[in-house]
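Number of protein chains: 2
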Amino acid sequence: MSAPLPLDKIAQQMRRDSLISTSEAGSGHPSTCLSAAEIMSVLFFDEMRFDPSDPKAYDVDVFVMSKGHAAPILWSALKHAGGIDEDLKNLRKFTSTLEGHPTPRNPWIRVATGSLGQGLGSACGMAWARKKDGHPGRVFVLMGDGEIAEGSVFEAAAFASFEGLTNLVAIVDVNAFGQSGPTMFKHDTGAYARRFEAFGWQTVECDGHDVAAVQKAFASVRDAKKPSVILARTLKGKGVPFMENKDGWHGKPAKKGEELDSALAAIGEANLGVVRVTARRYGNARPKSGTFSVAPKYKAGDTAATREAYGSALEQIGTQCPAIMAIDGDTKNSTFSEKLKKARPEQFADAYIAEQNMVSVALGAATEGHIPYASSFACFLSRAYDQIRMAGHSEPEHLVIVGSHAGVSIGEDGQSQMALEDLAMMRGVVPATVLYPSDPVSAEKLTELAGKTKGVVYIRMSRPKTAILYPNDEPFTVGGSKVVKSSAKDAITVVGAGVTLHEALAAHAELAKEGIAIRVIDLYSLKPVDEKTLLQAAAETRGIVTVEDHGACGGVGEAVASAIAGKAPVKILAVRELPRSGTPTELMRAYGIDKDAIVTAVRSMI
Amino acid sequence: MSAPLPLDKIAQQMRRDSLISTSEAGSGHPSTCLSAAEIMSVLFFDEMRFDPSDPKAYDVDVFVMSKGHAAPILWSALKHAGGIDEDLKNLRKFTSTLEGHPTPRNPWIRVATGSLGQGLGSACGMAWARKKDGHPGRVFVLMGDGEIAEGSVFEAAAFASFEGLTNLVAIVDVNAFGQSGPTMFKHDTGAYARRFEAFGWQTVECDGHDVAAVQKAFASVRDAKKPSVILARTLKGKGVPFMENKDGWHGKPAKKGEELDSALAAIGEANLGVVRVTARRYGNARPKSGTFSVAPKYKAGDTAATREAYGSALEQIGTQCPAIMAIDGDTKNSTFSEKLKKARPEQFADAYIAEQNMVSVALGAATEGHIPYASSFACFLSRAYDQIRMAGHSEPEHLVIVGSHAGVSIGEDGQSQMALEDLAMMRGVVPATVLYPSDPVSAEKLTELAGKTKGVVYIRMSRPKTAILYPNDEPFTVGGSKVVKSSAKDAITVVGAGVTLHEALAAHAELAKEGIAIRVIDLYSLKPVDEKTLLQAAAETRGIVTVEDHGACGGVGEAVASAIAGKAPVKILAVRELPRSGTPTELMRAYGIDKDAIVTAVRSMI
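Residue numbers (the numbering used here), protein chains in the order written: chain A, 1 to 606; chain B, 1 to 606.
With the rest of the complex left out, here is chain A:
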């Protein structure tokens, strides 16, 4: 180790940078950077092991900036540590990776932040993966006090203590102010300590502006037997008299000119250039990897639910590749993810009934080189929509989200358990891929494909057993579809997916008796969608009927209507009212998505 760095001075320099860069940008959150300056200084220039020349290093500690609006001080820390070259004055410019909130456009960022209360969950995922993988490095996460109001924080806190994540260190910058006023507990760090202790954490309270106290706090948790949290009392806007501990300065830079000058004068000169941090790596940690593929073994006449096929596929690929992991929200015996738990318990995590944390842990594990499959009933994934959205923004190498029990075909459990909006919500995630198998073979193949596809992939699984439609070696691709029935005389095209594809096939048989030929398309890739095949159907038939076990908005029908862009008439069969308890058959009939509804729709379009 070289001589100790001037941590106080570095903190002051980072305050200056945060003030200058936000003033230059004309927007941003300097006051929330100022409160965190000593914490960031001690973390980046003393406590944390990393290599400033290698943002993608695996064998180092990890930092997660959960309070994403403090991005300017993160950029400043990385700049002075020698990790980035860019001029900090480029903050928030369209051409810069120094964005208003951290995104992976900057190579130092593992998970996008800016939606509060999510950093701890993804840090849990990283720490969980490291514990499983025998990685010696630690995971640090800086949170604001305001975000401790998010329930997701306590889902993560429960997971961390239950899983014994002693490699996880959280720091809360308790500056007492949220965006629009004081927090619930202001500077009462004891209130936070009691909560974290009740959730099984080791806590330490300190003065967050006293470098020695912050160092001592970090030292005190270095060999903690529990996950640990440092509750640092700070002042929002620290060091600038007109901002310090004042309400009304959230998300507001000092005006360039007199206001900024007076702020900088109050901070004082620092004149700190790059103080390049010595690279400290663990050296011998390596991520897990391995190849995988499924080999479906169904026979004609077999039936199985796609969710069962998912479990089978997950077990196959998980036993082949140690990087595959699964996490489930206490539905593992319904989603069949328990098959991996039984075969490879070390590749499985129980999230209990905490879907937000389930997704965040999966995302965190993904950044450690794992290929996570996170599963629950499709309807309960709505609980984690913000986490899924931010996972999309985090651009993980792989993250598969699996929703079972889609739509009214689940039957008697009733509306609360029926996902009718999951396709809309998952298609809504800008970079996400959305898949929807209709039979056990495609379910297995798409489960494999999902884990080989870059980014966030959603697969929708169904509850009822369905027939085998494809041979075991049938190929499937992201963006593909299958023309399951076609002839030169097709009058109308029917597009189905999942359980409704089987209704479409039944309609095909019935209409054939009347001499009416229909084309039937299995739209197993909802996003991206197979525009070419759909446009061909639009051109070759008189109209398209879509049928889905989902609401009318944002699902199969709208994906098709949008893809064919007005080139043929479209009729969307979907669930258009709140469904009730009943048998699957009753419900599919009542809400107009069964064979008879398809037959009627086809006849109406001829």
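Among these hints, one or two may not hold up.
As the list makes no split between identical chains, a pair holds if one copy fits it or if it spans any two.
Claimed, not checked - Heads up, simulated DSS-like pairs for lysine-lysine below, C-alpha to C-alpha not over 30 Å straight-line:
hint, residue 1, residue 2
1, LYS342, LYS132
2, LYS452, LYS465
3, LYS93, LYS465
4, LYS288, LYS93
5, LYS93, LYS131
6, LYS465, LYS246
7, LYS485, LYS567
8, LYS186, LYS132
9, LYS225, LYS255
10, LYS246, LYS342
11, LYS256, LYS226
12, LYS246, LYS532
13, LYS225, LYS452
14, LYS255, LYS9
15, LYS465, LYS89
16, LYS489, LYS9
17, LYS567, LYS489
18, LYS186, LYS226
19, LYS342, LYS297
By construction, these hints were calculated from the structure, which means they are not laboratory data.
Using the hints provided, position chain B relative to the given structure of chain A.
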């Protein structure tokens, strides 16, 4: 009061009913009913004040069944109390209101449950409203232990203690099993007690199968100075040897015949008919009400953001009508909901950064006759998507959800703060109404209209200031639209909403110079959508260009494509990649939703 009821016997009868009705249905969750039998018996037949002849009574205590899968024992309690007549054997039948999970189809149900961890939040909303309204009644909520893993529970717990909701009594049926295995803490009620105490609650632990102990627990919190929780140790499947305290019996009825018979034999005979509960009402409580309307006062040439107009409208209607309330997730100075807080602090609640609880509290308050407006950045409403979904299922009289800062036009803060999926997610809520004003006048009018529209209504507001488009007395309707520009020679129709409508008008002006006339439609009602006007445009022009500050899935474009059902070519301009920091102008240009993109699209379609 009449003589004490035989509470033990009632519990046994409810066990029998739960076993019989689920066996008859062939599905359902008897074991989770059996653990709750004494709790339900004491609540419904001793502790709680209600009127079995009047499910809609206001001046009584309220019960929320947060563990919704225990519906069969709720139906049994209501049956024996004299509240419902229906044969319990109709459980889960398509024609019955005795659904698998409680829904408001049954008049006793205030909020639909079945997505766990939400009951406490809506109970908080009821208790908050009652405290504000001087209502003497209490709110009881029965939770399962598994659902305590949901972070939303601790958002609610924090709110309840912060707001001093001493009228709130939670009971946790600690039966130690979730769906797929033991809970994190099994029968360690102390672990739950420590958590609730850290969150400022009074706790009491008891044997949940000892009627006297349960009665004593209720008595001990009757005059609590804090919100209180009874942690009742119970056995899942209590009373049936092959189910009791056994894993693998979640969501699984006894088979009719030998298995059911042996279960019933173990429970023993009860032979209890209706033991009609004596009506106990508070008598003098009345819900608040009042009329309201906005009177926009903009002048031509004014500019204002729709979010500012929202604040102005909220203040106007809130000061007129005491039933109007607002709740915000620490963004009140950005959504402008703070205008109501300043004018009528007693009609405002700070949810802090806890959007799930924000929506649940609003829903609960709605069931007390309030007209709640819940607001945050539109992107952060994704945090509460499951709560919003269940709010839709709860069919409240009124519940308005307001999302500000939609889309890339927010500028430099970057992608995490830009809602690009809120229209997809809100249109996805089957019974929801979705509105999207483009100018301050329509924003005020739609804010009023939302509070007068039945059910869940979403309004999307924008960050940038926009011009006034409409006179102050312009009428707006749910399901309407405005043809802002039209002529007999319109070549193409451009459909915009919010900020993009202004781009469409600029495109109209530019194309007019070239002699190209376009029709411009303000699609301020996304759901329901004005099919008639869109179909007319499809018939009268050569194609439709839609333009939205939102992703390409589930928003304006797909709403239009779906509505015109292939009757004209459609081109959807939307944000198709993850956006970055930049100025609003730069971003709208970069992602192809500005005037120039519209002009190019129109030219390409002519």
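Outcome of the hint check:
1. LYS342 / LYS132: within (17 Å within a copy, 52 Å between copies)
2. LYS452 / LYS465: The answer is within: 26 Å in one copy meets 30 Å, while 44 Å across copies does not.
3. LYS93 / LYS465: Classified as between: cross-chain Cα gap 21 Å, same-chain 53 Å, threshold 30 Å.
4. LYS288 / LYS93: Neither. Shortest intra-copy (37 Å) and inter-copy (50 Å) distances fail the 30 Å Cα cut-off.
5. LYS93 / LYS131: neither (39 Å within a copy, 49 Å between copies)
6. LYS465 / LYS246: between (61 Å within a copy, 27 Å between copies)
7. LYS485 / LYS567: both (21 Å within a copy, 26 Å between copies)
8. LYS186 / LYS132: between (37 Å within a copy, 25 Å between copies)
9. LYS225 / LYS255: neither (47 Å within a copy, 48 Å between copies)
10. LYS246 / LYS342: between (55 Å within a copy, 19 Å between copies)
11. LYS256 / LYS226: Classified as neither; 46 Å inside a copy, 49 Å across copies.
12. LYS246 / LYS532: Neither way: LYS246 and LYS532 sit 59 Å apart in one copy and 54 Å across, limit 30 Å.
13. LYS225 / LYS452: So LYS225 and LYS452 fail the 30 Å test inside a copy (37 Å) and across (56 Å) alike.
14. LYS255 / LYS9: within (24 Å within a copy, 74 Å between copies)
15. LYS465 / LYS89: For LYS465 and LYS89, the Cα distance is within 30 Å only across copies (27 Å; inside one copy 59 Å).
16. LYS489 / LYS9: Classified as neither; 80 Å inside a copy, 69 Å across copies.
17. LYS567 / LYS489: both (19 Å within a copy, 23 Å between copies)
18. LYS186 / LYS226: So LYS186 and LYS226 pass the 30 Å test inside a copy (26 Å) and across (20 Å) alike.
19. LYS342 / LYS297: within (20 Å within a copy, 67 Å between copies)
Hints 4, 5, 9, 11, 12, 13, 16 from the list above are not met by this structure, while the remaining hints are.
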